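*Asks:* Sequence:
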Amino acid sequence: MLTCAAKFALGALSTVFVTRELGPERRGAYTVLVTIATVALILAHLSVESAHTSLWSRAAGRRAIAANALLLGLGMGGVCAVGTALVTALDPSILPVPGYGLLLVALLSIPCNLSGTLLNNVLVLSGRIGVVNWGGLLAVGVYCGTLVLLTVAGMLTLGWVIVMWTLSAAVPAVVAMSAVRPRFRDRDRALARRAIGMGLRYHPGHISLYLLLRVDVLILNALTSRTAVGLYSVAVMLMDLTRTAADSVAQVTLHQQMGDDHDSATALTVRTTRLATLLAAGSVGLMCAAAPFLIPLVYGSAFAGSLSPLLALAPGLVALGATRTLGSFLLRLHRPLVTSCLAFGVLVANVALNLLLIPMWGIVGCALASSAGYCALAALQTAWFVHVTGVPYRRLVPGPAELRYLAVVSVRLVTALTAALRRGPSRQEDGAHAGRTGRPPG
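Under the numbering used here, the first residue of the sequence shown carries the number 4, and numbering increases by one thereafter.
Just so you know, these hints were derived from the structure itself, not from any lab.
Here the structure is a predicted model, which is why all the values come from computation and not from measurement.
By construction, the Cβ of each residue, glycine as well, lies at the ideal position given by its N, Cα and C atoms.
Among the clues, some could well be false.
Just the calculated beta-carbon pair ranges, DEER-fashion [said to hold, decoys possible]:
no., residue 1, residue 2, range
1, 389, 295, 34 to 44 angstroms
2, 418, 186, 24 to 34 angstroms
3, 266, 152, 49 to 59 angstroms
4, 295, 418, 29 to 39 angstroms
5, 403, 15, 26 to 36 angstroms
6, 403, 92, 43 to 53 angstroms
7, 102, 393, 51 to 61 angstroms
8, 304, 163, 17 to 27 angstroms
9, 355, 402, 14 to 24 angstroms
10, 94, 406, 49 to 59 angstroms
Model the full structure from these sequences, guided by the hints.
*Replies:* Now the structure itself:
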């Protein structure tokens, strides 16, 4: 929890530096470049991560999965980066970008991100979530630290932000590789082919799911201005921060959800869904309450227009967070066609709503369309879970037990932080006393 909180704080600090220094228009350019690179990554990974998760629950070939993760990540990521660069060079009208050179730098992140994602998945499935969290924390720390130094030196530009974003993508991959220690001799071509084949069946659904979360930025960029994209990106960025708590719950419980006992996995999913619902509602509610003061104070008056789309995104973010662990559970059913159909149907509806509402209401229309899509996906996933497990809908609703649990955890966290703050001055006094007496502190 502490590493997640630290990542949250450093990530928020990084966005403050980037947003204030770049302004709405260049912030929009940054968002377009990063979105193109991440969309290309999602298109290229062929859902091998989901295939590895499904194969892991069958307990065979886990060393081969680790070895294949590194090789597939670097190989598929490299091909994707080159392919995206060629597409944008041959016909710039397909993907209008602020600068081709900056796009090439952003695309270099794809092999690092893909190999890191696949290796981190191995760590999560092995129950080594701490390594994943520390790798992510180190990456955010490197990114944030360099941004601070560049800002102090007066050198923070769009180019430097893209360079540091790309370099920070390599940090989790290096940490995960040192922890997993994949061996080349453990590679298994047959297993790799099986994973790719299985992943391709999941892939339409995963592409649709990711595009549901990011295609709004590309449509907004095509229909409006980069300044509008910059304002909208701040709203999206702040609301994405509210997903941290629910994502952490899903990450911690994934290896148990993929276990052999179906009934135990179902019961765990029900409990974590109730908890995730409270966490999502609480974090989104706090963000909505703080945003009217937070946005102008932290990012400046130029971003005051980000408030309205942020509020419009709120219902969808609550729905996404509440069903985060449900989505993970559905992977163990090995029904990629159903998953793909659900996600693709919601994506088509979302694109249609964006094309309808953006010309009418601009960034607020974009946010409303996205929020409606998120709610629709959450409703469909919940209905499918209830259908296959027989769990009544009412059991997914949070109750007093979850409220008590959160209260206990909050009290313990406050107590631990208070004790840590009290120990700090105490140690300083002990150190000063030791300096006066020549004895080490006891």
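*Asks:* All the hints need checking, so say for each whether the structure fits it.
*Replies:* How the hints compare with the structure:
1. 389 x 295: 34 to 44 angstroms: This hint holds: roughly 37 angstroms between Cβ atoms.
2. 418 x 186: 24 to 34 angstroms: 44 angstroms, violated
3. 266 x 152: 49 to 59 angstroms: For residue 152 against residue 266, whose Cβ atoms are near 53 angstroms apart, the range 49 to 59 angstroms holds.
4. 295 x 418: 29 to 39 angstroms: For residue 295 and residue 418 the Cβ distance comes to about 32 angstroms; the hint holds.
5. 403 x 15: 26 to 36 angstroms: 32 angstroms, holds
6. 403 x 92: 43 to 53 angstroms: 59 angstroms, violated
7. 102 x 393: 51 to 61 angstroms: Taking Cβ atoms as reference, residue 102 and residue 393 lie about 54 angstroms apart, which means the hint holds.
8. 304 x 163: 17 to 27 angstroms: Since the Cβ atoms of residue 304 and residue 163 sit about 25 angstroms apart, the hinted range of 17 to 27 angstroms holds.
9. 355 x 402: 14 to 24 angstroms: At roughly 38 angstroms between Cβ atoms, residue 402 and residue 355 fall outside 14 to 24 angstroms, so the hint is violated.
10. 94 x 406: 49 to 59 angstroms: Holds, since residue 94 and residue 406 (Cβ atoms, about 55 angstroms apart) stay within the stated range.
The structure is inconsistent with the numbered hints 2, 6, 9, although it conforms to all the rest.
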